[in-house]
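Chemist: Spelled out, the chains give:
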Amino acid sequence: MSGYIAFIKKEFTENMKNYRFLILFAVFLIFGIMSAFLAKFTPEILSALAADMEMTSEPVALDAWKQFYKNISGVGFSAFIILFGSCLSNEYSKGTLVLMVTKGLSRKAVILAKYTVAAALMTISYWIGYASTYGYTALLWNDNHLSNVAFAAVSLWIVGFLYLSILMIGCVIFKQTFTSILFTGGIVAIISLLGMIEPIAKFNPFILTSKNIDLISGEAVPAEFMIPAVISISLSILGVLIAIRLFNKKQL
Amino acid sequence: MNVLTIQNLSKSFGKQTIIDNLNLSVPERSVFGFIGKNGAGKTTTMKMVLGLLQPDKGEIHVCNEPVCFGQTRTNQYIGYLPDVPEFYNYMTPIQYLKLCGEVIGLSKTEISKRSDELLSLVGLNDVTKQIGGFSRGMKQRLGIAQALLTQPKLLICDEPTSALDPVGRKEILDILYKISGTTTVLFSTHILSDVERICDHAAFLNEGKIAVTGTLAEIKALHGHDSLLLEFSADQDLQLFKKQKSIEPLLLHSEENNRELILHSRDMVSVQKLLFRVLAETGICPVKIELMEPSLESLFLEVVK
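Residue numbers (my numbering), protein chains in the order written: chain A, 440 to 691; chain B, 195 to 499.
The set of hints was computed from the structure by calculation and includes no laboratory data.
If you want the footprint, here are the derived chain B segments under chain A, 3+ residues with CB under 8 Å:
id	stretch
1	246–260
2	268–278
3	292–298
These numbers come from a predicted model, not from an experiment.
By construction, the Cβ of each residue, glycine as well, lies at the ideal position given by its N, Cα and C atoms.
Same shape as in the complex, but just chain A (with noise of 0.2 Å):
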């Protein structure tokens, strides 16, 4: 327990040094912020660039959503896995491990204390992301109306989750940042093809990223999202645990 603390002191401390708190934090402020504004002033850029382009409608508070939820599942989690897929790599290529649990780290610590810090940052980042979309669209939109807003943002983090155990998996498997990272996007991608088999696509964890919108419309119903949600949590402590299964095995 002890060794856990004080590696996830040591997680934070290095997640600061090396700026990758720090650029995982501007991501997901400047998509919060720029979701809204994107939805408000894209139909006026592109008239005022194409004149005689007609837009055919006013641009609502639901595609302030659309443009949020584009942008984090797709350019903030894509950040989030570059960013620490490097976070066992680094470690097993310098050899500055081999000191941690030959002074009787438990390998278990390891992992769970980078998962945790990981975890932590990526929380504060995605709500704060959240936050910021969410003011700028009341501000720029006075009518309001959108149901299950916090509730879609939820399972979208959820899935935060999900990606972090598999690429502590990679990261435990493989020994390069490259393949780690591969190695998630790939899984990813399965799971993403997956859904789209009918009669367990409404199982699969995929749909917490993809069906935010029908959630916040209304045309889809929180219940839809509750087993795939309870699947998703399932899957990461599983993986969690796989990698320290196979981190215990791995020779540093």
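Use these hints to put chain B onto chain A, whose structure you have.
Modeler: Only chain B this time, still in chain A's reference frame:
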């Protein structure tokens, strides 16, 4: 009592056998030199002792407790200094030792007390810059400090001096010698003068096995020829000496160099008796008579042949 016992240890990588049925024991309070060529398997052996590599066969006991791969129970007795120790570059030595102390589970006061002691032992007490700007010698010294933080019974150093300049080497050896009163030190090396300087026990690793082991005196007594050097003041004396009949059989194993004559024999006592009789009879007075000890280097070459 033995701090470390290795029995029938084997390890291969693919088809290449690195360690082949190795047996070794390191007695308490010794400074143990683990000698072998580059690639002989010294690091592999040490990593297996630390539970960082899985042995194919054999048993390792540290302080009478078995070592299990991946688990770190026996590591509480061991301090480890890798050949190129790497730390978190953004930390200062004090911060790094604090992290290590917290990992071990020491109290705050204990951490600061031991850090101060150890940093002054290794001469880094005034250094406040980040580890990223350290020279290799400084990293090596910090490596010793972190390894001793647990107050280990056994300190394992993997070639602690091989990459250092003469000043750095001397400093590391002095530190190791200083702590040898309280901690058993096992260090691997291929620099034999280091072994002669601070070790009392040694083992030669060759082709995955221990070729020779024991105290330095035992090893030297067991192996290699003893030699005796004679230096004469004039060449006539040397020629006269060589003409003596009783000396003739000794000249079969001898080397001549200017006015020096080196005699080799396994039975030095009878050689000396004979020599002094001849010198007394002929009245030759050499300027120097020296009994030459076998060097570890000649032993090493003999072992790895």
